[in-house]
Each structure stands twice: as C-alpha cells, then as structure tokens.
Amino acid sequence: MERSITLIALFAALIAALGLIPKFTLAFGVPITAQTLGVMLCGTVLGARRGGLAVLLFLGLVALGLPLLAGGRGGLGVFASPSVGFLIGWPLAAFVAGWFMEQMRNMPVGLAAGVASALGGIVVMYIFGIAGLMVMLDKSMLQSAGLVSAFIPGDIIKAVLAGFITAGLAKARPASLLSRT
Amino acid sequence: MISLTSPVETRAHGWSAGLKLFLLCAATMVLFSVEALPWHLGFLACCLTLYSMPGRQFLLTGVRRLWVLWPFVLLIVLWHFFTGNLEGGLVIVLRMITAVGLANLVTMTTRLSDMMSVVRWLTRPLRALGVKTQRIEIAIALVVRFTPVLAGKGQLLAMAWRARAVKRVGWRIITPFAVLAIDDAEHVAEALRARGGV
Chain Z
0 MERSITLIAL FAALIAALGL IPKFTLAFGV PITAQTLGVM LCGTVLGARR GGLAVLLFLG
60 LVALGLPLLA GGRGGLGVFA SPSVGFLIGW PLAAFVAGWF MEQMRNMPVG LAAGVASALG
120 GIVVMYIFGI AGLMVMLDKS MLQSAGLVSA FIPGDIIKAV LAGFITAGLA KARPASLLSR
180 T
Chain X
0 MISLTSPVET RAHGWSAGLK LFLLCAATMV LFSVEALPWH LGFLACCLTL YSMPGRQFLL
60 TGVRRLWVLW PFVLLIVLWH FFTGNLEGGL VIVLRMITAV GLANLVTMTT RLSDMMSVVR
120 WLTRPLRALG VKTQRIEIAI ALVVRFTPVL AGKGQLLAMA WRARAVKRVG WRIITPFAVL
180 AIDDAEHVAE ALRARGGV
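Line by line, the protein sequences give chains Z and X. First residue of the first sequence? That's 0 in numbering that gives the first Met the number 0, and the numbers climb one at a time after it. First residue of the second sequence? That's 0 in numbering that gives the first Met the number 0, and the numbers climb one at a time after it.
Among the hints, erroneous ones may be present.
Think about it this way: if two alpha-carbon atoms lie no more than 30 Å apart in a straight line, the pair counts; the simulated DSSO-like pairs of lysine-lysine are [said to hold, decoys possible]:
(1) X:K166 to X:K152
(2) X:K152 to Z:K170
(3) Z:K170 to X:K131
Read the hints as simulated data drawn from the structure, not as lab findings.
Work out the full structure: start from the sequences and follow the hints.
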C-alpha cells in the first residue's frame, strides 16, 4: 500500500517537474511540453488504476491552486478555459494507456507502451479535448478537430518516445513497472 | 511551495472557501445560459470591478493571468469576423474571459489550507464508507514536497548533459529522470513502512 501511494505521488510530482524543466526541442525544431509525455508514462509504468490516480492527484493539486501546469499555470481558471477538455481527458488517457499496457503483456514492453500511449494519450485525449472545445468555443466537431489537428504530429512523437522511455525503465527498474507485475 | 493565492489580503480571503466555490459554480452556470452580448459586457465589467477593488497590484496580477487566453481570443474573433457573425464570436470570447477570470479570482483569494478543508469535507462520505482518506492527504503532501526536489534533480541532469554533450538537452534525460522518481518513491515507501505505515 505504501509503495502504491508513494509511486502515485512521485509520478504526479514527475508530471509537475516535467513542466518546470526547460522545454525540449526535437531534432527538427518542434518544441514539446513534456507534461503530456508524463501522463502517458503514468499509464504505461504504473498501470491503469494507479496511473489514472496519479494524474487525478496532479490535477487535484492544480485545481487547489498550485501553479503546476507548464508555464506556471494553475488554479480553477484553467478548468474554465477552452483547453479544459484535454485536462479532463488526462486521467482517462493515463487509465486507458495503462489498461492497454496491461492487456498487451505478450508484446515487447517498448512496442506495447508506444501503442498504449497512442491509444490513451492521443485517441482518448483528443476525444475529450475536441469535446471541450465544442462546448467552450461553441464550434462543431469538425471545426474543433481542425483547430487541434496541428498538435497531433507532436503527440505521435511523444507516444513513440513514451515507448522508448518505458522500455528503458523496464530494463533499469523492472520491479517498479507495475503495469507488468 | 509558491501557490497562486494573492499575497494582497482581500476581504474575500476571510470568506468560506465552500461559499466561494458555490458562488463560482452558480456564476458559471449563468454565464453559459445567457446568450445576449450586452449582458456579457456587463458580466465582464462586474468581474473587472471585483478585481480592481483590492487595488492596482491585485488587478494587474489578475489581468496578467488572463493574458494566456489571447490566442483563443484572436482565433475566435478572426473566425467569426470572416464567417460574418462577429457578435456571436464576441459573446464566446467575453464569456470565456469572465468564466476564467471568476475562477482565477476564487483561486487568488483562497489559501491552500482552506481549499484542503473543502476537500476534507467533500471526502467525508467516503470516510463513512470506510475509505481511508488520510492516504489522499499523505499523497498530496508528498507531491508538494517532491515536486521541487524532482525539479532540482531534473536541472542537475540537464546540466550534466550539457557538460558532456554538444547537442541540446533532449528526451533522453527523461528515462534517468523517471528512474530517480521511482527510486525516491521506493525509499519513501520504505520510510513510511518503517514508521508504522499508512
């Protein structure tokens, strides 16, 4: 039990810390905020339930007023902004990524983590993100999808990276990969 | 850790956090049920009046926090300008700014400890069902404590990378970064168990 709590808490802190360290720039100049990568890792490393709880804990602290989102944003205001759908989608994205990771036990870790991250961190996240934009900006589904389509290539790269990173963690700390134990 | 609560002491700092959250919910529901532009102009004016009451510094901080919305404002105004429904666009923009503004106002006037007591109150039914809600509080304390610790370790990793590599810091530091988080979690779990567990 203690181990579950500390891993959930430390992964929530990891998402926050990924927002504090400087932005990475990929080889061809696409800047990425690493926080959504952190969300994917919560699922692929901690599994569905614990991964979802870690992200939920992180969002709870943001709502309570801590500036943990990239760029020092936080507070209740972010839940009234047009990007609220993505935030609501975060814990579910981690949950779904974790669930698929748990189902694909026979696949190599890296590949399974990449696929699980794409399904959770892109498919689920964008369904919620687009729904949020539809409500907040009063736009149709296609219009909202068009607004966010520019970010999809970046998220595909993140899903691939989540696969590599999870494979690295499976080698470095196999016992802590709760999605596979 | 720095929170978003305003250091400028306002009268609303003393109000109950539950009341402020209830008023925020009610105000947001009103914002989303009204469609007429003059009303939304009035709502925004009221919101800005609330911000200006505690003084200039409070107002400036509040407006700066709303500034992050500018890409959405620009996008919606241009979109509706070209589709010939500028009034509809202005309603969306004004509603968005007021809704975020009011929510930020609650955050700025409510201390973390007051918010925590609301969480404790909301989780009361769970306690009655036998769920140990102290675990949530321990987890919150751990996140607050370990975010700066991990951020510091992340900076050290980035510095170590820069000292050895010619390329810019890339995604490769995330694996050791996550390993550090996992190791910390295992140590803390052991420490908690040694002190009687949760």
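Worksheet item: Looking back at the numbered hints, which does the structure fail to meet, lowest number first?
Response: 3
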